[in-house]
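Student: Listed below are the residues making up each chain.
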Amino acid sequence: MAALTRTFRRRPRRSEAAEAQGPSAAATPAAPPEQTPVDIAPNDPLLAYFQSATGAVDIDTLELESPALEELKAAGVKLAVPLVSQGELIGVLNLGPRLSEQDYSSDDRKLLDNLAAQAAPALRVGQLVREQEAEAVTRQRFEQELEVAKLIQQNFLPKELPDLPGWQIAAYYRPAREVGGDFYDVIPLPDGLVGLVVGDVTDKGVPAALVMSATRSVLRASAQRLVEPGEVLEQVNEHLCPDMPEKMFVTCLYGVLNPETGLLRFANAGHDLPYVKTADGVIELRAKGMPLGLMPGMDYEEKEATLEPGDGVLLHSDGVVEAHDPERDMYGFPRLKEAVGKFPAGQELIDSVLEELDAFTGPGAEQEDDITMVTLQRSSGARHAQAASNGRVLAEFELRSEPGNEREAIARVEAAVAGVGLEQSRLDRLKTAVGEATMNAMEHGNSYRADRPVSIRVLESDGRLRVRVTDHGEAVELEPAETPNLEAKLEGRQTPRGWGLFLIEKMVDETRVESGEDGHTLELGLRLEGGGDGDA
Amino acid sequence: MATRELEVQVRREDGEAVIDLLGDVDSSAEQALMAGYAQATDGGAGSVKLNFAGTEYINSTGIALIVGLLAQARTHGVEVKASGLSDHYREIFEITRLADFMTIEGSSDA
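Residue numbers (this note's numbering), protein chains in the order written: chain W, 10 to 545; chain G, 1249 to 1358.
Calculated directly from the structure, the hints in this document are not laboratory data.
Just so you know, not all the hints are guaranteed correct.
Straight-line distance between alpha carbons at most 35 Å, and here's what the computed DSBU-like set of lysine-lysine pairs gives [to be verified]: (1) Lys-515(W) / Lys-1329(G); (2) Lys-498(W) / Lys-346(W); (3) Lys-312(W) / Lys-346(W); (4) Lys-168(W) / Lys-346(W); (5) Lys-498(W) / Lys-1329(G); (6) Lys-498(W) / Lys-297(W).
If you're wondering where the values come from, they're calculated on a predicted model, not measured in any experiment.
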């Protein structure tokens, strides 16, 4: 049977007059098949009538203040059979007069009622399928947009961070499923200065990603020409304002670091305040300024702070502090500030905050907004001075004293020495020595305490590689390594353990222990000679 | 190099019990290693072979575990062999003199 009605649901708009061939063999076409559909307005009382009708409705005798009813009458419709499924009107079957010009009999009506009872659920299923298909298409389009936004975003984040002797820079960016407009940048500037940027575009998806890429480009260009961070933000604001889409703006913190002196000059366009971990506690870097792109002619206050040896800065986006736990409490600034104070700086801080955040939001929670963190840490003074006289720093980092973190130490030292031409067998020995030295520092020096990190520096000078592993243990002398007595161990007269220091000494060319008030340093030395046949 | 907690598989080969070590031999390996040894010697095997071909990382704690296993084997009169060691760890087995108490078999790239 041909579909006799236009399908509709909830807010039906129209039904078609019948092409009345079918339900009853006696029925005859009352009108040409091309008859125009009859519109039923959503507020037409006819809808309510059809909805509650118990069977076929005689149109001719029906009295209602209804424009649609008039239209049906005019179109020659004699009988309307509402199609109701689960109490919901989903269509109407309109029939013209019978071919025999007799009235519809009670048998006809019964047949039509039965037909309607069968057809309505089938029609409903068809409608649902069609709705689902439409939803799937919408969803797919949405996912594609997210992909595009992600691509734009990732394309404009730095591929790698510059190597700053005496400083450690680490960055982290994790987009939310519905990508936001976070960005960060580390910009090499004239005279050895370095520009640091963290920003956040309001809104999400492709629009935010596009504004983010524009902001980043303008900022990069301005940063090369202007020295003062406040002027840079002023200029970026001037550029952004004319083309900024309505209801969008950008918060952004921009700082210029002098790596030699530790002086950080910064300005802030309404972005979350960075935290600095100092010897005296955690402080905020405050500077006033409106977000970018809201209105032209804005001034940006400029402030400065000196990062002393050992100090560390955390720049972050609101995705961190605005994360919620299952009870809808926010992670908030106080928690983040506390985290900066209690965890080691650098990559370790980022990892620790992420761990805390995941625990806070609970398992399986969807990330609400992009999360961005950039950390900048100045090496402690003595070691920094030493670095200057002792050659090139290949890597410098801190690790938390946790079982298994020696693997992280091994991986990072291996990456740091990748370019120095160490042959494979010597690289393997170095890796074992670094792993053992780190374990030793975490276990014996730091007693696996969370507030006592292990610091590792990798230096190269005069054909020698040196890895310095420093703990924060009490001022006690490290015992010299003894050659383990394997026979005694096998006979159970000695513990099977006690191989660490012995292995370290066998793996490298020289070892040196320095003990100070705030810890011990074990230095591993390896000559770079004979690296020709290696694959390093 | 990613960490990988040790798993062991025990099989018989030419009347010998072979313990295939898959993963890291470090402090987290103790249970798996000892369970492997117990399973391997369950039928009264006279010889046990540790196959390190699936191991990329052995540290001093792992060495201590192997020493412990070796000590246990000696009291039971079980011979212990090792195979599948990389050049690096073969060198460590020599430096620690473990190689004096167990037969090291096979080419390094087994």
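Student: Could you run down the list of hints and mark each one as holding or not?
Tutor: Each hint, compared with the structure:
{"no.": "1", "hint": "Lys-515(W) / Lys-1329(G)", "verdict": "holds (24 Å)"}
{"no.": "2", "hint": "Lys-498(W) / Lys-346(W)", "verdict": "violated (49 Å)"}
{"no.": "3", "hint": "Lys-312(W) / Lys-346(W)", "verdict": "holds (20 Å)"}
{"no.": "4", "hint": "Lys-168(W) / Lys-346(W)", "verdict": "holds (28 Å)"}
{"no.": "5", "hint": "Lys-498(W) / Lys-1329(G)", "verdict": "holds (18 Å)"}
{"no.": "6", "hint": "Lys-498(W) / Lys-297(W)", "verdict": "violated (67 Å)"}
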